[in-house]
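These protein sequences, in sequence, are chains G and A.
If you're matching positions, the first sequence starts at 1 in the numbering used here and goes up one per residue.
If you're matching positions, the second sequence starts at 1001 in the numbering used here and goes up one per residue.
Honestly, the hints are just simulated from the structure, not real lab data.
Check before you lean on any hint, since a few could be wrong.
[Stated by the list, open to error] Between beta-carbon pairs, the in silico distance windows are: (1) G/Arg108 / A/Lys1014: 35 to 45 Å; (2) A/Arg1104 / G/Leu114: 18 to 28 Å; (3) A/Ser1125 / G/Leu21: 38 to 48 Å; (4) A/Glu1094 / G/Tyr99: 23 to 33 Å; (5) A/Ile1139 / G/Leu21: 33 to 43 Å.
[What the hints assert, rightly or not] Below, computed lysine to any residue pairings styled on SDA-like, alpha-carbon distance capped at 25 Å: (6) G/Lys78 / A/Ile1037; (7) G/Lys88 / A/Phe1018; (8) A/Lys1073 / A/Gly1036; (9) A/Lys1027 / G/Leu104; (10) G/Lys78 / A/Glu1068; (11) G/Lys78 / G/Phe40; (12) G/Lys42 / A/Ile1037.
No experiment lies behind these values; they were computed from the predicted model shown.
Glycine included, each C-beta is placed from N, C-alpha and C at the ideal position.
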Amino acid sequence: MQLQEIRNILHAEVLCNAELLHNSVHCICGADLMSDVLAFTKEKTLILTGLTNAQTIRTAEMSDAVGIVFVRGKRPSKDVIDLARINKIPVMVTKYPMYEACGLLFARNIPGSLNVREKND
Amino acid sequence: MTNEQTLKMEFTLKSMDFNLAGEASSKIKQVLQRIGISSAVIRRIAIGTYEAEMNAIIHAVNGKMTVEVSKDKTEVTVVDEGPGIHDVDMAMTEGYSTAPDHIREMGFGAGMGLPNMARCSDVFSIKSEYGVGTEIYMIFNH
Ligand SMILES: Nc1ncnc2c1ncn2[C@@H]1O[C@H](COP(=O)(O)OP(=O)(O)OP(=O)(O)O)[C@@H](O)[C@H]1O
Ligand SMILES: [Mg+2]
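Start from the sequences and build out the full structure, keeping to the hints where you can.
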């Protein structure tokens, strides 16, 4: 599924890199602890989180995430958005809280990160 | 990169400096991309260096990361000057963390960092002496 479809499902506002919304999402990880994201995701993962600091962007950068959605209407500071922009990571914000946002996407059959933890993957 | 060539990088990791946290791993990733290492390998190296960088910044003082890239592998060493780890086996357990609440609120403290480093790397070793410091050594085959 493309990021722009996810934007529509979550009625999300795009904060940066809107030109990359054609990129496709293979799986989704909802987490507020960044090492969990780094442990449980593969490439082309979309990160859903309530954590709006720079480390979220760094985590997306290191794990080759396809984008970030901040839940519950939480907005990162301009510095954080700028860091995402230069790293070419699309960032959106949705009013839905974590549970609802994940539920809406799970209902569309986008897989989570279960069973994708393999060494050297 | 030819067989004999190696590329060396060194970074200072400042305790509790969350503005710069991740910079070292980001620079390493950019260099690896420039020299044409495959994206799957870069991803493993980026995760490993980032976890080690964050641990040095969050849990330790006077951290230093050294990276040596050659044609077929990347070697990473992260040393710090304390406080060291009481029980290394415990620290290596998934979910074990001593991170206080204010660190968890920043998104760290899942207790997954060291297990992540071990999983991402081809060779992993940790030496730690309580009251002295910790040394992480990782090799990533290209
Ligand atoms: N360089 C270090 N110096 C001192 N203690 C450390 C160091 N690295 C790790 N530790 C100790 O080992 C524990 C486990 O480390 P690990 O990286 O696995 O988890 P964490 O840093 O607590 O959380 P996470 O990495 O998931 O954000 C830490 O909570 C800390 O007590
Ligand atoms: Mg850690």
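Quick rundown of the hints versus the structure:
Under the hint 35 to 45 Å, the C-beta atoms of G/Arg108 and A/Lys1014, about 43 Å apart, fit the expected range. Look at A/Arg1104 against G/Leu114: about 24 Å separates their beta carbons, and that is inside 18 to 28 Å. Against the hinted window of 38 to 48 Å, the Cβ-Cβ separation of A/Ser1125 and G/Leu21 comes to about 43 Å, which satisfies the hint. Distance hint check for A/Glu1094 and G/Tyr99: the Cβ-Cβ separation is about 24 Å, which falls inside the suggested range of 23 to 33 Å.
Checked against the hint of 33 to 43 Å, the C-beta distance between A/Ile1139 and G/Leu21 comes to roughly 38 Å, which is consistent with it. Proximity of G/Lys78 to A/Ile1037 is assessed by CA-CA distance (about 32 Å); at most 25 Å being required, the pair is judged violated. Our distance criterion of 25 Å between C-alpha atoms is met by G/Lys88 and A/Phe1018, whose separation comes to about 21 Å. Distance restraint check for A/Lys1073 and A/Gly1036: the Cα-Cα separation of roughly 13 Å lies within the 25 Å cut-off, and the hinted pair is therefore satisfied.
For a cut-off of 25 Å, the pair hint linking A/Lys1027 to G/Leu104 is broken: about 37 Å separates their Cα positions. Restraint check for G/Lys78 and A/Glu1068: not satisfied, since their Cα atoms lie roughly 35 Å apart, outside the 25 Å limit. Between G/Lys78 and G/Phe40 the CA atoms are separated by roughly 28 Å; this puts the pair beyond 25 Å, and the hint is violated. Distance restraint check for G/Lys42 and A/Ile1037: the Cα-Cα separation of roughly 18 Å lies within the 25 Å cut-off, and the hinted pair is therefore satisfied.
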